[in-house]
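Participant: If you want the building blocks of each chain, they are given just below.
There are 2 protein chains.
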Amino acid sequence: MKCKKFIFKQHFDGVPKKSDFELVEEELPPLQDGDVLFEALYISVDPYMRPVSVKLPLGVTMIGAQVARVVESKHPDFEVGKNVVGQFGWRNKTVANPDTVLSGFGEKSRPYVLPDFGDIPLSTAIGVLGMPGNTAYFGLTRLCTPKKGETLVVTGASGAVGSLVGQIGKILGLNVIGFVGSDDKAKWLTEELNFDHAFNYKTCDIAESLKKAAPNGVDCYFDNVGGRISSAVLDAMNPFGRVACCGYISGYNADPKNPPLAPIVQPNIVLKQLKLEGFLSSKWKDCWFEGIEKNLQFIKEGKLKFKETIVKGFDKTDEAFISLFTSGSDNAGKVVVQV
Amino acid sequence: MKCKKFIFKQHFDGVPKKSDFELVEEELPPLQDGDVLFEALYISVDPYMRPVSVKLPLGVTMIGAQVARVVESKHPDFEVGKNVVGQFGWRNKTVANPDTVLSGFGEKSRPYVLPDFGDIPLSTAIGVLGMPGNTAYFGLTRLCTPKKGETLVVTGASGAVGSLVGQIGKILGLNVIGFVGSDDKAKWLTEELNFDHAFNYKTCDIAESLKKAAPNGVDCYFDNVGGRISSAVLDAMNPFGRVACCGYISGYNADPKNPPLAPIVQPNIVLKQLKLEGFLSSKWKDCWFEGIEKNLQFIKEGKLKFKETIVKGFDKTDEAFISLFTSGSDNAGKVVVQV
Numbered sequence: 001m002k003c004k005k006f007i008f009k010q011h012f013d014g015v016p017k018k019s020d021f022e023l024v025e026e027e028l029p030p031l032q033d034g035d036v037l038f039e040a041l042y043i044s045v046d047p048y049m050r051p052v053s054v055k056l057p058l059g060v061t062m063i064g065a066q067v068a069r070v071v072e073s074k075h076p077d078f079e080v081g082k083n084v085v086g087q088f089g090w091r092n093k094t095v096a097n098p099d100t101v102l103s104g105f106g107e108k109s110r111p112y113v114l115p116d117f118g119d120i121p122l123s124t125a126i127g128v129l130g131m132p133g134n135t136a137y138f139g140l141t142r143l144c145t146p147k148k149g150e151t152l153v154v155t156g157a158s159g160a161v162g163s164l165v166g167q168i169g170k171i172l173g174l175n176v177i178g179f180v181g182s183d184d185k186a187k188w189l190t191e192e193l194n195f196d197h198a199f200n201y202k203t204c205d206i207a208e209s210l211k212k213a214a215p216n217g218v219d220c221y222f223d224n225v226g227g228r229i230s231s232a233v234l235d236a237m238n239p240f241g242r243v244a245c246c247g248y249i250s251g252y253n254a255d256p257k258n259p260p261l262a263p264i265v266q267p268n269i270v271l272k273q274l275k276l277e278g279f280l281s282s283k284w285k286d287c288w289f290e291g292i293e294k295n296l297q298f299i300k301e302g303k304l305k306f307k308e309t310i311v312k313g314f315d316k317t318d319e320a321f322i323s324l325f326t327s328g329s330d331n332a333g334k335v336v337v338q339v
Numbered sequence: 001m002k003c004k005k006f007i008f009k010q011h012f013d014g015v016p017k018k019s020d021f022e023l024v025e026e027e028l029p030p031l032q033d034g035d036v037l038f039e040a041l042y043i044s045v046d047p048y049m050r051p052v053s054v055k056l057p058l059g060v061t062m063i064g065a066q067v068a069r070v071v072e073s074k075h076p077d078f079e080v081g082k083n084v085v086g087q088f089g090w091r092n093k094t095v096a097n098p099d100t101v102l103s104g105f106g107e108k109s110r111p112y113v114l115p116d117f118g119d120i121p122l123s124t125a126i127g128v129l130g131m132p133g134n135t136a137y138f139g140l141t142r143l144c145t146p147k148k149g150e151t152l153v154v155t156g157a158s159g160a161v162g163s164l165v166g167q168i169g170k171i172l173g174l175n176v177i178g179f180v181g182s183d184d185k186a187k188w189l190t191e192e193l194n195f196d197h198a199f200n201y202k203t204c205d206i207a208e209s210l211k212k213a214a215p216n217g218v219d220c221y222f223d224n225v226g227g228r229i230s231s232a233v234l235d236a237m238n239p240f241g242r243v244a245c246c247g248y249i250s251g252y253n254a255d256p257k258n259p260p261l262a263p264i265v266q267p268n269i270v271l272k273q274l275k276l277e278g279f280l281s282s283k284w285k286d287c288w289f290e291g292i293e294k295n296l297q298f299i300k301e302g303k304l305k306f307k308e309t310i311v312k313g314f315d316k317t318d319e320a321f322i323s324l325f326t327s328g329s330d331n332a333g334k335v336v337v338q339v
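Chains as they are written, first to last, in the numbering used here: chain E, 1 to 339; chain S, 1 to 339.
In case anyone wonders, no lab produced these hints; they're calculated from the structure.
Don't take each hint at face value.
Intra- or inter-copy, both count: the list cannot distinguish identical chains.
Unchecked claim - Below 27 Å or equal to it, Euclidean Cα-Cα: the simulated DSS-like pairs (lysine-lysine) are:
1. K211 to K93
2. K147 to K9
3. K108 to K272
4. K147 to K285
5. K272 to K2
6. K307 to K74
7. K55 to K93
8. K212 to K55
9. K202 to K257
10. K2 to K187
11. K257 to K272
12. K108 to K147
13. K272 to K93
14. K316 to K82
15. K257 to K170
16. K211 to K257
17. K257 to K283
18. K18 to K212
19. K283 to K294
20. K305 to K74
21. K257 to K212
22. K18 to K257
23. K108 to K9
24. K316 to K294
25. K272 to K55
26. K285 to K272
27. K17 to K294
Note that this is a predicted model, so its numbers are computed, not measured.
Hey, can you work out the whole structure from these sequences and the hints?
Facilitator: Take a look at the structure:
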């Protein structure tokens with residue numbers, strides 16, 4: 001039996017492009033004891049794949065999670081017909097022993113059978129009810145440790161993670177300010193997602209915007225972008241502010257030999273006694289389902305909205321990924337490939 | 001009765017200079033109930049005063065701690081003849097009610113009567129047995145949370161704080177690497193203070209030095225300098241590394257409208273899940289004497305050496321302060337003015 005997969009063909013130089021990947025066929029091996037045949041339903045493309053891929057050897061399958069269905073099984077925990085989330089990478093069929101699957105970060109990452117999502121689409125298992133949702137929920141609640149009435153800034157605020165962070169911030173009673181890359185996205189945040197303020201970082205003055213929207217200063221910062229914007233947000237932070245460092249999309253496509261420069265962060269960190277913590281969602285693997293249940297509950301209560309941009313066709317996975325980095329793209333929320 | 005004091009005469013522009021201060025006389029008020037007359041013995045000059053003074057109104061007394069003796073007292077807790085540490089600023093005599101004294105950061109900061117230091121000079125009450133010592137002890141143990149066998153980097157490593165941090169790191173069983181501004185200082189660290197490695201940042205390649213001295217990566221970073229050197233140290237850190245952000249002397253004299261730039265820190269923070277925390281020593285005011293006792297014990301056991309540069313004469317306090325920022329200065333350890 002054959003499968004299709006994208007391999008990592010050449011190292012990225014700036015924004016990823018189609019020629020960095022190659023779509024190839026692979027002959028799948030017969031199932032050994034403990035193996036499962038998974039058929040991909042939805043493939044996840046996420047910004048983190050850009051920096052993490054830098055360390056991949058050429059020729060390997062591109063990394064990432066997918067929603068897949070168990071089609072054949074020689075493993076007692078994975079019944080035929082069950083849906084799972086697994087770190088199988090960009091491939092439409094996978095034969096694997098679930099006990100030995102590794103994530104793109106090289107850590108053991110056992111696929112898990114999905115709980116019942118009710119009416120909510122299965123694709124959310126790699127969105128609001130999966131990694132991006134848990135990244136938002138745990139990153140905000142555990143690292144920003146917000147208190148009701150405080151002010152939260154979210155950058156990359158219309159993305160898969162950022163759009164959830166701001167809404168969870170509102171659920172927790174915060175003054176929520178989002179920065180995004182277009183006026184339309186800003187409008188979406190304030191008009192549909194309940195953000196208090198949203199600004200287009202390309203046209204606004206960050207310091208002035210924060211003076212208006214955060215007259216009492218910023219207590220919590222959920223950082224998806226890094227660089228100059230983050231330095232400016234730190235300028236507006238209050239003593240003992242907390243920063244959850246989730247991503248640095250402003251630097252993902254930079255030449256590693258020539259890293260981007262930004263105003264130094266230490267003056268604010270020292271004088272305001274700020275705490276910054278970088279994290280991957282795997283930090284909370286031991287309480288993973290707590291995050292999923294929380295977000296599921298918020299959705300059912302009508303407090304948490306999610307948006308998906310569905311790209312149809314496995315062969316377009318590379319294009320879906322590239323669109324994450326295309327300035328001015330219309331993507332908002334989570335980008336998912338429907339196989 | 002008259003006293004002498006230095007007032008903050010004009011805002012710093014680059015490195016502080018004598019004309020930024022003015023030495024004036026003041027008529028002291030008679031003591032009210034609760035007041036104490038303190039006579040300064042040693043005045044502290046510390047790098048932190050540079051950035052903190054930026055926010056002072058012109059004309060106020062320069063901020064800072066001193067070792068003083070109680071000369072007259074209308075307060076039951078402050079007997080005549082006792083020695084204290086108090087945040088009285090750059091003045092040789094002070095009339096104050098101890099219950100209302102504020103630190104240079106505007107926080108309540110009650111003078112405290114000194115415990116018995118035995119043979120150890122009283123000047124250390126503003127050095128190894130005071131703020132700098134506690135900054136080193138608590139910053140390292142509480143924020144870097146080092147484990148035996150790990151690697152620690154200290155920048156500003158020959159300073160009042162840094163020289164203690166590295167030695168405490170050795171007491172805790174760490175591989176200790178210091179960065180300093182001259183070959184002589186580097187030699188002092190390795191030959192006298194037991195550091196494993198020390199480099200002159202002005203002439204070495206930071207990345208190459210760390211490759212040699214920290215072949216297994218850096219776990220803990222005690223940062224006194226910020227900026228480019230700190231970005232380079234973060235490049236060498238291991239996953240889950242901890243950074244105690246104590247100072248940013250590389251940026252103290254910069255024009256605030258034109259802050260220094262450095263390679264962005266977020267790539268390392270996110271991908272390695274680093275934790276950075278800025279702090280002032282007042283963070284541990286509730287366990288202040290625990291730090292003093294620990295350092296006193298280390299000294300008595302012969303494990304912790306301290307160096308003081310004593311400047312004689314109250315009128316030279318401004319010059320002593322300025323020397324902290326003079327590149328290539330011979331200062332090492334703690335600079336103290338003997339009144």
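Participant: Would you mind marking each hint as holding or not holding in the structure?
Facilitator: Each hint tested on the structure:
{"no.": "1", "hint": "K211 to K93", "verdict": "neither (52 Å within a copy, 42 Å between copies)"}
{"no.": "2", "hint": "K147 to K9", "verdict": "neither (47 Å within a copy, 41 Å between copies)"}
{"no.": "3", "hint": "K108 to K272", "verdict": "between (38 Å within a copy, 17 Å between copies)"}
{"no.": "4", "hint": "K147 to K285", "verdict": "both (24 Å within a copy, 24 Å between copies)"}
{"no.": "5", "hint": "K272 to K2", "verdict": "neither (58 Å within a copy, 37 Å between copies)"}
{"no.": "6", "hint": "K307 to K74", "verdict": "neither (36 Å within a copy, 70 Å between copies)"}
{"no.": "7", "hint": "K55 to K93", "verdict": "within (24 Å within a copy, 63 Å between copies)"}
{"no.": "8", "hint": "K212 to K55", "verdict": "between (42 Å within a copy, 22 Å between copies)"}
{"no.": "9", "hint": "K202 to K257", "verdict": "both (26 Å within a copy, 21 Å between copies)"}
{"no.": "10", "hint": "K2 to K187", "verdict": "neither (46 Å within a copy, 65 Å between copies)"}
{"no.": "11", "hint": "K257 to K272", "verdict": "between (32 Å within a copy, 19 Å between copies)"}
{"no.": "12", "hint": "K108 to K147", "verdict": "between (35 Å within a copy, 25 Å between copies)"}
{"no.": "13", "hint": "K272 to K93", "verdict": "neither (51 Å within a copy, 31 Å between copies)"}
{"no.": "14", "hint": "K316 to K82", "verdict": "within (25 Å within a copy, 79 Å between copies)"}
{"no.": "15", "hint": "K257 to K170", "verdict": "neither (40 Å within a copy, 34 Å between copies)"}
{"no.": "16", "hint": "K211 to K257", "verdict": "between (36 Å within a copy, 17 Å between copies)"}
{"no.": "17", "hint": "K257 to K283", "verdict": "neither (29 Å within a copy, 38 Å between copies)"}
{"no.": "18", "hint": "K18 to K212", "verdict": "neither (42 Å within a copy, 39 Å between copies)"}
{"no.": "19", "hint": "K283 to K294", "verdict": "within (17 Å within a copy, 34 Å between copies)"}
{"no.": "20", "hint": "K305 to K74", "verdict": "neither (38 Å within a copy, 66 Å between copies)"}
{"no.": "21", "hint": "K257 to K212", "verdict": "between (38 Å within a copy, 20 Å between copies)"}
{"no.": "22", "hint": "K18 to K257", "verdict": "within (23 Å within a copy, 42 Å between copies)"}
{"no.": "23", "hint": "K108 to K9", "verdict": "within (24 Å within a copy, 62 Å between copies)"}
{"no.": "24", "hint": "K316 to K294", "verdict": "neither (32 Å within a copy, 63 Å between copies)"}
{"no.": "25", "hint": "K272 to K55", "verdict": "between (35 Å within a copy, 13 Å between copies)"}
{"no.": "26", "hint": "K285 to K272", "verdict": "between (32 Å within a copy, 17 Å between copies)"}
{"no.": "27", "hint": "K17 to K294", "verdict": "neither (37 Å within a copy, 58 Å between copies)"}
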